[in-house]
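Chains as they are written, first to last, in the numbering used here: chain A, 133 to 409; chain B, 70 to 570.
Some hints here could point you the wrong way.
[Unchecked claim] Calculated pairs, DMTMM-like style, for lysine to aspartate or glutamate (alpha carbon to alpha carbon, straight line, at most 20 Å):
#1 Lys263/A x Glu282/A
#2 Lys136/B x Glu188/B
#3 Lys352/B x Asp406/B
#4 Lys328/A x Asp72/B
#5 Lys352/B x Asp340/B
#6 Lys537/B x Asp238/B
#7 Lys326/A x Glu79/B
#8 Lys472/B x Asp486/B
#9 Lys233/B x Glu313/B
#10 Lys233/B x Glu257/B
#11 Lys233/B x Glu301/B
#12 Lys326/A x Asp72/B
#13 Lys232/A x Glu267/A
#14 Lys325/A x Glu79/B
#15 Lys325/A x Asp72/B
No lab work stands behind these hints: they were computed from the structure.
Everything numeric in this text was worked out from a predicted model, so none of it was measured.
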Amino acid sequence: MGVVAEVEHRLAELRADDKTSGTRTSVMTHVAWAPPEWANAARRTLAGLEELHPSRTILLFPDPKRRDSIGVNVALRCFTIPGSTRQVCSDVIELRLGGKRAAAPASIVQPLLIADLPTFCRWRGLPPWGKPELEQLIDVCDRLVVDSAEWRGLSRGYAEVAKHFDRIAVSDIAWGRSVAWRGRLAAEWPELKKVKRLSVTGPKADALLLAGWLRTRLRRQVALTHRAAAQLERVAVDGEALVPPPGGPPSPSDLLSAELDQFGRDPIYEAAVTAAS
Amino acid sequence: MTDAVNPLLEGLRLRRNPDPCALVIFGASGDLTRRKLFPALYSLAARQLLPERFGIVGVARTEQTTKQWIAEMKRAVAEHGRDELRADVWKELAAAMRYVATDFADDAGEDKVVEVLRELDEQRGTGSNRVYYLAVPPVAFETIVNELGERRSHEGWTRLIVEKPFGQDRESARRLNEMLLAHFGEDEIYRIDHYLGKETVQNMMALRFANGIFEPIWNRQFIDHVQITVAESIGIEGRAAFYEEAGVIRDVFQNHLLQLVALTAMEPPIDFTADSVRNEKVKVLRSLHTPGPKSVVRGQYGRGFVEGEEEPGYREEDGVASDSPTDTYIAAKLYVDNWRWADTPFYVRAGKRMARRETTIAIQFQRAPHPPFAEIAGDGLRPNVLLIHVQPDEGVSLAIGAKVPGAGMSIRTVHMDFLYGGAFRTGLPEAYERLILDAMLGDATLFTRADEVEEQWALVDSIVAAWKRDRPSFPNYAAGTWGPRTGDDLLHRDGRSWRRH
Chain A
133 MGVVAEVEHR
143 LAELRADDKT
153 SGTRTSVMTH
163 VAWAPPEWAN
173 AARRTLAGLE
183 ELHPSRTILL
193 FPDPKRRDSI
203 GVNVALRCFT
213 IPGSTRQVCS
223 DVIELRLGGK
233 RAAAPASIVQ
243 PLLIADLPTF
253 CRWRGLPPWG
263 KPELEQLIDV
273 CDRLVVDSAE
283 WRGLSRGYAE
293 VAKHFDRIAV
303 SDIAWGRSVA
313 WRGRLAAEWP
323 ELKKVKRLSV
333 TGPKADALLL
343 AGWLRTRLRR
353 QVALTHRAAA
363 QLERVAVDGE
373 ALVPPPGGPP
383 SPSDLLSAEL
393 DQFGRDPIYE
403 AAVTAAS
Chain B
70 MTDAVNPLLE
80 GLRLRRNPDP
90 CALVIFGASG
100 DLTRRKLFPA
110 LYSLAARQLL
120 PERFGIVGVA
130 RTEQTTKQWI
140 AEMKRAVAEH
150 GRDELRADVW
160 KELAAAMRYV
170 ATDFADDAGE
180 DKVVEVLREL
190 DEQRGTGSNR
200 VYYLAVPPVA
210 FETIVNELGE
220 RRSHEGWTRL
230 IVEKPFGQDR
240 ESARRLNEML
250 LAHFGEDEIY
260 RIDHYLGKET
270 VQNMMALRFA
280 NGIFEPIWNR
290 QFIDHVQITV
300 AESIGIEGRA
310 AFYEEAGVIR
320 DVFQNHLLQL
330 VALTAMEPPI
340 DFTADSVRNE
350 KVKVLRSLHT
360 PGPKSVVRGQ
370 YGRGFVEGEE
380 EPGYREEDGV
390 ASDSPTDTYI
400 AAKLYVDNWR
410 WADTPFYVRA
420 GKRMARRETT
430 IAIQFQRAPH
440 PPFAEIAGDG
450 LRPNVLLIHV
460 QPDEGVSLAI
470 GAKVPGAGMS
480 IRTVHMDFLY
490 GGAFRTGLPE
500 AYERLILDAM
510 LGDATLFTRA
520 DEVEEQWALV
530 DSIVAAWKRD
540 RPSFPNYAAG
550 TWGPRTGDDL
560 LHRDGRSWRR
570 H
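For reference, chain A alone in the conformation it holds in the complex:
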């Protein structure tokens, strides 16, 4: 039995054994590429995400160092509908791609996609630009979701991701993370028109994207001073700190969730990336 047939067989078994009387529902196929060091983080994010975006989730765990093999695990995630006793379930398919199987994910993913629904691909860590696994998944997905804060070599990363804008819509969670601060900066218009210096305390990716955004939107040079922190904590313009947006930082699940609500290309983000590279 091939892998796809095995997955379908196991899904059918789960449906036949289903004692939850749950309804299957999906609003998308969510493909997540999670190398071993990202596996746990990917599972945690997924757990907080499914409540907002029930989807067939295909978790790909590549491990090229292992022997050639494909491990399959299929499960249902069920949730009780608020205010009701009825349950809604989604398929979760975990595929462990060992050896050279890790370089050919599309042949397994493609037959498992749900027809007519969008496919989002969350790529954990720095994408291997030009490598077949990335190229293949870009071809089967509608949107590539990355978090450039997970990358090393940001300038090169931005230059590489910019090369893909004409092939696939791209979302960067680092960009999403800064939306409230961008709102704060926008509220400073028109005083902000002559800004010279931006100071950001937070992840470097967020700082570079904020600076790139200001440069492209204002069409002027803006110098960036960056101080590292795990979260976006402080933004100052020409030495003046902005009042922080209300509420705490959004959770990883909420951030990914917001990106999964986007469909088309985002030219403002693309320009900010180009300016940040």
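Given the structure of chain A, go ahead and fit chain B onto it with the hints provided.
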């Protein structure tokens, strides 16, 4: 680059937050405030949807301090809210709350409200923007509106939210409109029909106008008839004084039910702005008629069993006259006189103490013109029905005929379900959350306009005029059933029946 166009706003996916404002609730110790308004305000606060600079002033006759009122509202949120009460969220909300104990007609008390609002402007930066919420019985509207009108400031914006019932007939609604319009512009008046705040009601517009497959068949050529049910399993819940005057026709039919008819039958608006949507709804309401008195059935529940519990009849409820002629059930056949709907009946019904709580809109399509397997399919082959579940189990179902697996050609009706709670697991916001937020944002799309209300009353007046001539034999249905037999006969005469439950 001009200052007028802010290039930083382009593409910014920011949530729309309302301007700074103060919300003044008249009737702040009442049931509506406790059960609906404060739980809604708390949910908005928990999602950071309230303005950053915000204040709430509660006004009521009950003598209590701000501290006592805050404690009472906290209990109300814990009891009735959809979100768990979080100390940090409540602390922030409570800091914005003030209470004024006064009779609404007392000038000194109303001056005190103005003074507290000025303090809020200074302390919390609410910017002289006001949302006044009339969560009071209609008898108090005029006094409050006149007091507000006399004291209204010309700084900032003002919005007035008015709860139903909006009048008792067309004439009283018109007088009420005139009274409101003497002090406020139509664009400042937000008449609440909380059904319009329900996600599934709004989804009716999404379903019709965002899906290319429905609109071409949404007309008399393809639709046999429409059934709308607004059924409650509860009784009058201690509201005898109100209900004896209103009956189901004023409590539900005049507003919720006719709004559902209007949304089902309306033409596509040119856009989703308040006036475009309301213009189309008014056209439907103007085109509505009932063919005659026999096309309207009324009823009143007697003693019966609801969910296994024996319940008293309406005339046995506290505060209800033992010979009360008040209607607790109405069923009607309505026609929409336009090209799209001519001769297509809209059967509507609403009632108290019915078999279960259910609000649905069922669009029954014409039968397949020549089903080749009609004989072998037998009873299993039914017309397609698009069912919009407004509450509970919010969602949409489509009933289609499908072959039963196996030999032969046996056809059964199966349902394809879209459940809101399943596809979008965000937890549906309560109607009042959406409506309060929209009023703060100045979006009147989901509120009823003066002419809509008056058209709704025009139909009700014509029905009530006919009722004045007859003496109904009440009670005529048992609590826990789907209404009187005459309600079923209304459809049987046309060779149809209410949906099976």
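How the hints compare with the structure:
no.	hint	in the structure
1	Lys263/A x Glu282/A	holds (18 Å)
2	Lys136/B x Glu188/B	holds (17 Å)
3	Lys352/B x Asp406/B	holds (10 Å)
4	Lys328/A x Asp72/B	holds (18 Å)
5	Lys352/B x Asp340/B	holds (16 Å)
6	Lys537/B x Asp238/B	holds (14 Å)
7	Lys326/A x Glu79/B	holds (18 Å)
8	Lys472/B x Asp486/B	holds (18 Å)
9	Lys233/B x Glu313/B	holds (16 Å)
10	Lys233/B x Glu257/B	holds (17 Å)
11	Lys233/B x Glu301/B	holds (18 Å)
12	Lys326/A x Asp72/B	holds (12 Å)
13	Lys232/A x Glu267/A	holds (15 Å)
14	Lys325/A x Glu79/B	holds (15 Å)
15	Lys325/A x Asp72/B	holds (8 Å)
Every hint, counting from the list given before, is met by this structure.
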